[in-house]
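A.B. asks: Read off the chains here:
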Amino acid sequence: MAFRLKLVPEDTSIDFFRAQKITFGLSAVLSVLSLVLVLVMGMNWGIDFQGGTTIRTESSQPVDVGAYRQAVSTVAEGDIVITEVFDPSFGADRHVAMIRLQALPGQEAVSPETITAVEAALQQIDPSITFPSVESVGPKVSGELIWQAVIAVLVATAAIAFYIWLRFEWQFAVGAAVSLVHDVVLTLGIFALFQIKFDLSIIAALLTIVGYSINDTVVVFDRLRENLIKYKTTPLRDLMNLSVNETLSRTVMTSGTTLIALIALLVFGGDVIRGFVFAMTWGVVVGTYSSVYVAKNVVLWLGVKRDWSKPGDTPAGTQFAAKGS
Amino acid sequence: MLDFPLWKRIVVWTIVLAGLLTALPNAFYGRVERHNDAVASIAQTGVETPELAADRAGWPEWLPAGLVNLGLDLRGGAHLLAEVRVADVYADRMDALWPELRDLLRQERATVGTIRRVASDPAELRVQISQPEGMARAVELARTLATPVVSLTGVGQTDLEVRGEGDTLVVGLGEAERAATDDRTMQQSVEIVRRRVDEVGTREPTIQRQGDDRILIQVPGIGSAAELKALIGTTARLTFHPVVSRTSDGSTLPGAGNMLLPSAEEPGVFYVLEQSPVVSGEQLTDARPDFDQNGRPAVSFRFNPTGARAFGDYTAANIGQLFAIVLDDEVISAPQIQSHIPGGSGIITGNFTVEESTNLAVLLRAGALPAEMIFLEERTIGPELGADSIEAGRVAAIVGFVAVIVLMIASYGLFGLFATFALIVNMLLILGVMSVIGATLTLPGIAGLVLTMGMAVDANVLIFERIREELKRGRGPARAIDLGFDRALSAIIDGNLTTFITGLILFFLGSGPVRGFAVTLVIGLATSVFSAIWVTRMLIVIWLGRARPKQLTV
Chain A
669 MAFRLKLVPE DTSIDFFRAQ KITFGLSAVL SVLSLVLVLV MGMNWGIDFQ GGTTIRTESS
729 QPVDVGAYRQ AVSTVAEGDI VITEVFDPSF GADRHVAMIR LQALPGQEAV SPETITAVEA
789 ALQQIDPSIT FPSVESVGPK VSGELIWQAV IAVLVATAAI AFYIWLRFEW QFAVGAAVSL
849 VHDVVLTLGI FALFQIKFDL SIIAALLTIV GYSINDTVVV FDRLRENLIK YKTTPLRDLM
909 NLSVNETLSR TVMTSGTTLI ALIALLVFGG DVIRGFVFAM TWGVVVGTYS SVYVAKNVVL
969 WLGVKRDWSK PGDTPAGTQF AAKGS
Chain B
185 MLDFPLWKRI VVWTIVLAGL LTALPNAFYG RVERHNDAVA SIAQTGVETP ELAADRAGWP
245 EWLPAGLVNL GLDLRGGAHL LAEVRVADVY ADRMDALWPE LRDLLRQERA TVGTIRRVAS
305 DPAELRVQIS QPEGMARAVE LARTLATPVV SLTGVGQTDL EVRGEGDTLV VGLGEAERAA
365 TDDRTMQQSV EIVRRRVDEV GTREPTIQRQ GDDRILIQVP GIGSAAELKA LIGTTARLTF
425 HPVVSRTSDG STLPGAGNML LPSAEEPGVF YVLEQSPVVS GEQLTDARPD FDQNGRPAVS
485 FRFNPTGARA FGDYTAANIG QLFAIVLDDE VISAPQIQSH IPGGSGIITG NFTVEESTNL
545 AVLLRAGALP AEMIFLEERT IGPELGADSI EAGRVAAIVG FVAVIVLMIA SYGLFGLFAT
605 FALIVNMLLI LGVMSVIGAT LTLPGIAGLV LTMGMAVDAN VLIFERIREE LKRGRGPARA
665 IDLGFDRALS AIIDGNLTTF ITGLILFFLG SGPVRGFAVT LVIGLATSVF SAIWVTRMLI
725 VIWLGRARPK QLTV
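Respectively, the protein sequence lines represent chains A and B.
First residue of the first sequence: 669, per the working numbering; consecutive thereafter.
First residue of the second sequence: 185, per the working numbering; consecutive thereafter.
None of these hints come from the bench; they were simulated from the model.
Hints may be right or wrong, so weigh each one.
What the hints assert, rightly or not - If you want the footprint, here are the derived chain B segments under chain A, 3+ residues with CB under 8 angstroms:
1. 558 to 567
2. 576 to 583
3. 634 to 640
It should be emphasised that the depicted structure is a prediction, and the values quoted were computed from it without experimental measurement.
Yeah, the Cβ is synthetic: ideal placement off N, Cα and C, and Gly gets one too.
The whole structure should be built from the sequences, with the hints applied where relevant.
C.D. replies: The following block contains the structure:
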């Protein structure tokens with residue numbers, strides 16, 4: 669026998685429901701906590717959603733946030749946020765900061781005069797400073813972008829639930845939808861907790877998480893569907909455990925390869941997309957967890973009709989929910 | 185049984201080869217780009233300089249030369265989202281209608297009495313008549329000015345909506361006419377923006393209409409959004425007006441039919457001008473940067489025959505009068521008419537720099553924007569930042585790739601090696617498809633590529649795990665492999681279809697970089713299913729046929 673790396677031992681028979689009160693309770697508590705965090709601490713909305721201007725500065729001189737703030741506040745009104753950016757790929761003589769200016773009420777975008785003035789003021793305190801990117805979004809567009817984003821996530825969840833309903837049973841669709849909402853809410857929560865900038869690309873990350881998590885869930889469901897036909901009398905709970913155990917090594921393997929790729933991006937991918945990659949990394953972890961601990965618990969509670977293969981065996985994958993629901 | 189007919193093998197190898205060929209140009213990005221530019225330039229101008237020929241020779245003609253477009257966030261450039269004030273045009277229409285309506289009503293003075301235009305919403309024309317009894321007749325007269333609307337939804341409607349409110353006659357544009365006008369305004373605006381951007385001659389600008397009243401403008405390689413805005417944001421409406429008087433009092437009431445405009449050059453100086461212009465920029469046929477007799481930068485222009493006649497007639501009749509040249513509601517200059525100017529050409533002088541006069545000439549040549557544009561979104565990305573991002577993405581992709589294949593080979597041995605080959609094919613296919621359809625790669629798109637590497641092996645993992653299970657049940661190698669592929673299929677299809685759904689939604693609801701991400705994600709799904717199922721299967725079948733193992737370890 670050749671050597672094989674086994675992330676999961678062969679033939680596991682873990683009872684995934686033994687601690688279900690704790691795991692499901694934990695999920696519920698974390699979800700509620702996330703919502704509370706979002707409400708209490710608020711999100712660190714990027715300009716895509718709030719309007720305003722971000723200026724990225726780069727300089728060979730160390731960033732002096734205080735001096736920057738003083739310089740900027742002489743020429744710009746409203747809230748000014750200055751953060752220094754660190755990245756392992758920056759050399760010792762590369763210092764990057766992000767400056768955010770608020771959009772003033774009644775203005776479509778921060779005026780170009782203000783931006784020019786800010787740039788000039790910064791150049792005064794640090795002649796070596798450059799501005800690799802300047803982005804400005806008006807409040808009108810940002811309002812629409814929020815709605816577009818919310819709609820995108822909702823439509824995606826609904827579309828997936830519909831597809832699952834078509835291919836499996838409605839209980840599976842509900843289970844999948846619950847686990848998707850769980851993943852999205854937990855991701856929002858961690859963004860609120862660490863006040864990571866939430867911009868348009870994070871929405872893309874959220875939808876990717878939705879896609880990844882559903883992929884994981886579907887693999888378990890697919891096996892469950894097969895086992896439901898194979899073992900007609902075994903209790904649902906045992907069948908679920910069997911299905912998860914049978915697919916466990918695949919689940920861990922795929923999460924492993926995906927996480928490895930994401931961690932490579934997180935470390936080497938540069939600071940511009942770090943928030944985006946972080947959301948996806950977190951989402952893969954949460955999504956894997958939820959397909960094992962959330963989705964099928966919901967299905968177990970809802971129960972599944974067991975008499976759906978009455979006249980002899982029907983091959984897997986041809987069951988449509990239309991007759992069962 | 186496991187069988188992989190010859191035709192299938194040919195199809196798979198053809199697709200793999202096509203992927204390799206179409207992805208290849210991206211490995212020589214700079215060289216292929218110069219080649220493409222040179223070919224385009226030679227085709228357009230017909231001139232073949234040695235440099236162009238050398239650039240063209242840099243990439244063989246018979247190889248595919250399609251490249252993945254780099255998004256603004258990778259290449260650097262400026263992005264603008266503009267809203268066109270479509271309602272501006274309604275006001276222009278009303279102003280143009282007023283003289284006609286006035287003349288018409290004056291003829292019927294006996295019935296409607298004296299008339300007076302009163303202030304109103306600029307999209308309406310409100311006329312007070314002194315004899316309200318004559319309103320029915322006034323409405324009837326005004327309706328004669330209306331013409332039927334030609335549009336799909338506006339059948340049987342006319343362009344004007346006329347009603348009487350007490351002693352006031354109200355004329356506005358009808359619903360269908362507004363929609364039709366908006367559409368024309370947008371088309372015209374997009375066209376003019378395109379012409380202005382093209383005049384500067386940058387590479388592959390994106391100018392797209394978005395929604396009812398927005399234009400998305402992306403120009404790679406331009407220095408800043410401000411620069412781009414200066415080029416396209418100016419209305420550049422050039423008109424020539426008779427001067428009524430000159431004053432330094434900004435609160436002067438200009439009087440009916442006149443308007444008060446500031447001087448662009450002398451602060452504090454205002455001109456009272458007649459509102460309707462003698463000639464306007466639409467009648468220009470040419471404008472170019474020039475110098476006046478004192479050697480100062482200026483813009484020379486030439487009118488079309490109609491414009492030239494109007495210009496000639498007016499100058500002949502008004503020698504000694506001041507004549508104002510107005511650009512975007514500012515009086516650029518108001519020279520005295522020295523003599524009759526026939527031929528319809530002239531020169532605009534002012535306090536221009538050479539750059540300004542060049543820019544103004546470009547703007548005049550491209551034509552005036554029909555309505556003002558407001559900028560809702562402005563983004564500038566420097567080329568260095570984009571280059572850094574590409575470099576970071578490259579490093580991350582290589583590290584991610586190596587890590588994934590190490591894990592795959594360590595876990596599945598030879599089969600892991602097959603999966604690695606499938607992954608390479610997958611990457612080539614993604615790049616190839618993107619190059620052929622000219623898709624745009626953005627920074628999130630690079631992240632999508634790296635993510636696809638991690639997720640693409642999922643199908644193979646599913647298959648290999650199934651094969652292991654079947655082996656454990658004591659099936660022979662060939663049978664186990666066959667069953668493994670078979671049984672994993674429904675999970676692979678369901679999993680990928682659901683992800684495909686989210687990808688589609690991202691594409692249709694997202695914008696810019698997010699859309700770029702969706703494109704890579706969706707292409708990656710399709711190619712990964714192909715490479716994971718067909719390519720891996722083919723490799724395994726070939727290996728099985730050669731090695732004929734009695735025992736199999738996956």
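A.B. asks: Each hint needs a verdict: does it hold in this structure or not?
C.D. replies: The hints, checked one at a time:
no., hint, result
1, 558 to 567, "holds (count 9)"
2, 576 to 583, "holds (count 6)"
3, 634 to 640, "holds (count 5)"
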